[in-house]
Amino acid sequence: MTFGDKMRRFFRSEQGVGMMLVSPTALYALLLLAVPLVAIFVISFWTQTGVRDFDTTFTLANYKEALTDPLYRQLMLRSLMVSGLVTLITVVLAFPIAYFVSFGVKPEHKSLWIFLITIPFWTSYLIRVFLWKVILGYNGVLNSGLLAVGAIDEPLSFILYNVNAVIITLAHAYAPFAILPIFVALEKIDRSLLEASRDLGESRTMTFLRVTLPLAAPGVVAAVLIVFIPTIGDYVTPRLVGGPGGLMIANMIQTQFLRLNNAPLGATLAVLAMLIVAVIAIVFMLLGNKAAGGNTGGRRK
Amino acid sequence: MTIKKKPSGPALITLQKVEKHYGDYHALRDINLEIGQGEFFSLLGPSGCGKTTLLRTIAGFEDYDSGYVMISSKDMRGVPANKRPTNMVFQSYAIFPHLTVLQNVAFGLRKSAMSKAEKTKAAEDALEMVGLKGYGHRAAHALSGGQRQRVALARALVLKPKVLLLDEPLSALDRKMREQMQVELIKLQREVGITFILVTHDQEEALVMSDRIAVMFEGEIVQCDDPEVLYRKPKSKRVADFIGVMNFLPATVREEGGKYIASVAGLGETEITGEQCPAGVPLGEATVGFRPETLTLLYEGQTATHREAPATIEEVVYYGDMTYYDVKFEGVDKPVRISMRNIFGRDVLDVGAPARVSWSPGALVVFGAGE
Amino acid sequence: MKSLKSYAILYLIFLYAPIFLLPLFAFNSSTVIAFPLTSFTTEWFTTLLTLTEMHGALLNSLKIALTSAVLATILGIFAAMAATRYTFPGQRGIMGFIMLPLVLPEIIVAVSLLIVILRMGFNTGAWSVIAGHTLICTPFAIAILQSAFASLDPSLEEAAYDLGETPASTFRLVTLPLVMPGIISALLISFTISMDEFIIAFFLTGAEPTLPVYLFSMMRFPKLLPAVMALGTILVVLSILLIVIAEFFRRRGAKRAGLKDTGGFL
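Chains as they are written, first to last, in our numbering: chain A, 1 to 301; chain B, 302 to 672; chain C, 673 to 938.
Next comes chain A alone, as it looks inside the complex (with noise of 0.2 Å):
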């Protein structure tokens, strides 16, 4: 068989079919993903010298100034810190949640729940951020509302342009992010495997510990990850709640390339805060299929 007659056959046979039809779209992903993503990895090695121009030859500053630099490492703890406790609240409050509607709601009213938890994250992330600014503000709306039923004497100051605000307003923007997979994870959960630990002589509330909780730990490993790795780049919210002492790294990295002009260190952080990213989910997906005895990889069904 000739080269030629290989390619045919290829195309084909189905993996060849397969390959041609997820093509434009993984080209396209190639193209304005994984390319500028490298990009942004070799020019974390350069240095700006003009408004478009670089020195390209390879040097280490970047990394030197990111890791030394108290304002960048500060700026990197509160954005690591701040993730970490939106993902706890939002994971903490999410459980009961999912928990009530695969299990307290009628089966054909299910839909309709996550229906309606979903729907707020479908506005706009701009206007829903916007709107904590105005009910948390110093004459906003919480503020303004206490005063009026006279539950206090002077308005709240600690709630508006700090890190709290910005918890608050992240943990309200990724609560169904939270939901959703710790749902289709009790879901998945076989109803007889309770009943049968009932019947084995297990109360209700070790039923849920020896059982439903393991079993639902791959969801909740899942609605980890999926708010703790978008919220740590969030931008709108410490940009229009945190005020100065809210700021995080995806602040820093705008005004390094849209303000400060140096390109190169925005790339660096950027790359830095991907790295550590990566290896915090990495570390904590090992934990969370060790703790879920290993049953997150081989699914059942």
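Just so you know, these hints were derived from the structure itself, not from any lab. There could be a bad hint or two in this list.
[To be verified] With the C-beta cut set under 8 Å, the calculated list includes, among others, these residues of chain C facing chain A:
id, residue
1, T759
2, L790
3, T810
[Unchecked claim] Quick list of the computed label-pair ranges, beta carbon to beta carbon:
id, chain 1, residue 1, chain 2, residue 2, range
4, A, N261, C, L913, 27 to 33 Å
5, C, K677, A, F158, 28 to 34 Å
6, B, G349, C, T759, 14 to 20 Å
7, C, Y679, A, L258, 38 to 44 Å
Every residue, glycine too, gets a C-beta built ideally from N, C-alpha and C.
Once you have looked at the hints, place chains B and C on chain A.
Structure of chains B and C alone, referenced to chain A:
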């Protein structure tokens, strides 16, 4: 019992030396078949034996590596499924959920030269034929399993194909419905006179419905015969075991003065004929097989018509109309199953009771020891 | 379960509370966004009519959202068909990479695209926003279309082919009508995402802002805040409307395919 008459005349479908591989997996091995006009033909085998692959090869959904598939003496190589004179009833029925029942049945008539009224008439006639008169305007997704099956039949038959291919069409139905549809399918096939090729893993279904059955194991047709021959004279132990229940006992066979004598464990010596050895006379070590219904437990006062052997009853399984007894012959460890029809006034025998078993040498089938 | 239900209802109220404030203040005559409410007015909606710059941004956004939605849906159809119907080498890796924008922080997508575009000597504009939005909408379109294609029994297509149709007419008569609800749903979701997206547009929009970018600039002026609430009300109502329609089509698709609805887009 009379064997259903095999349709005569030239073969409608001829397969010669058909071979197919999926990568390293040998899916079809040297398939040779001739299927006649108007025949009800079954491909029977366990799952993964290649029967569905063979059916889809005839339909034109699967390529084959080498060999010939001919329909009406025309080579089908390179002829796609939509140009073949075959139509298929799919295992899932594949009823188009976005169309009504009538639109489903008329689907294949889109390109025909008939007028719109004629197409509707043809589709309605087909629906009437499968017992769904007046269902035309129902939504397809509102049908029950049995109704879907009928729509699938009507949809294929309205095109008057030369061959109707049925891929496990009854496997999704419950037992009662399945037995009812078996009878209806036989009647329908006689009525339309079209060649039916049925794929099934259910040996009972194949025996009930078919004029001829091809048994497949591992991509190979191991025996192709009419149901009675297949049941009475299976060519190998494996076929015998797959179709119905067959008891096996070890034996030795020797030749004595132009006659064959088999010495069977627990039963003793008996003369056998070459006809009882479908794969040739196995001299030396052999295995003897016999169906549960060829043995009879003798009650007091009854005498054996042919031969008699002493045994002990090990297990009694009561089925209402039938009772199955597992008995042990003297000197044989493995129990043998006997099926007895329950007759009014005759008691079921007890476990542990000694018994006399009547058997006839002519009912034995003799295989080689290794097969 | 009783206490869980009250918790769930409180949670829903918490989720929706900010959105419910929008119309409250959009129709409130005070220029300050605070309680107590004063009197009903539609003045702020009239103000929107006078902001001609906003009209340009709206048109720009509509153009971008429409194009991105169509492109993302087409790319989504290819990938969803490949992923549900075929197996091909490196399938998991390729599909995983295509779905990556789902979790990647948008700022990373935005800056990396920006740097490549500038480095190659192009200027940003509506086209670059479309490119970015298509990239982030495609995974959503794939998620929806994958379930549409997965619920389509392959033997339906084989049946049509067996009944004499060609591959092309089989696609037209069977495949397309059955996945159409999924396609419409994917279009609407992608349109909504693009219409609301801020960060990528903020980085890549060039001289002509999109509606969210314009809205962001409005937020700096306290005088314009009531108008922001009015515009926000319109956008949120539109989003919810589109999402409800999309959900309607998705469910109809699932019903057609004879499936039991399990709810949710993702």
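Exercise. Going through the earlier hints one by one, which of them does the structure break, listed in rising order?
Worked result: 4
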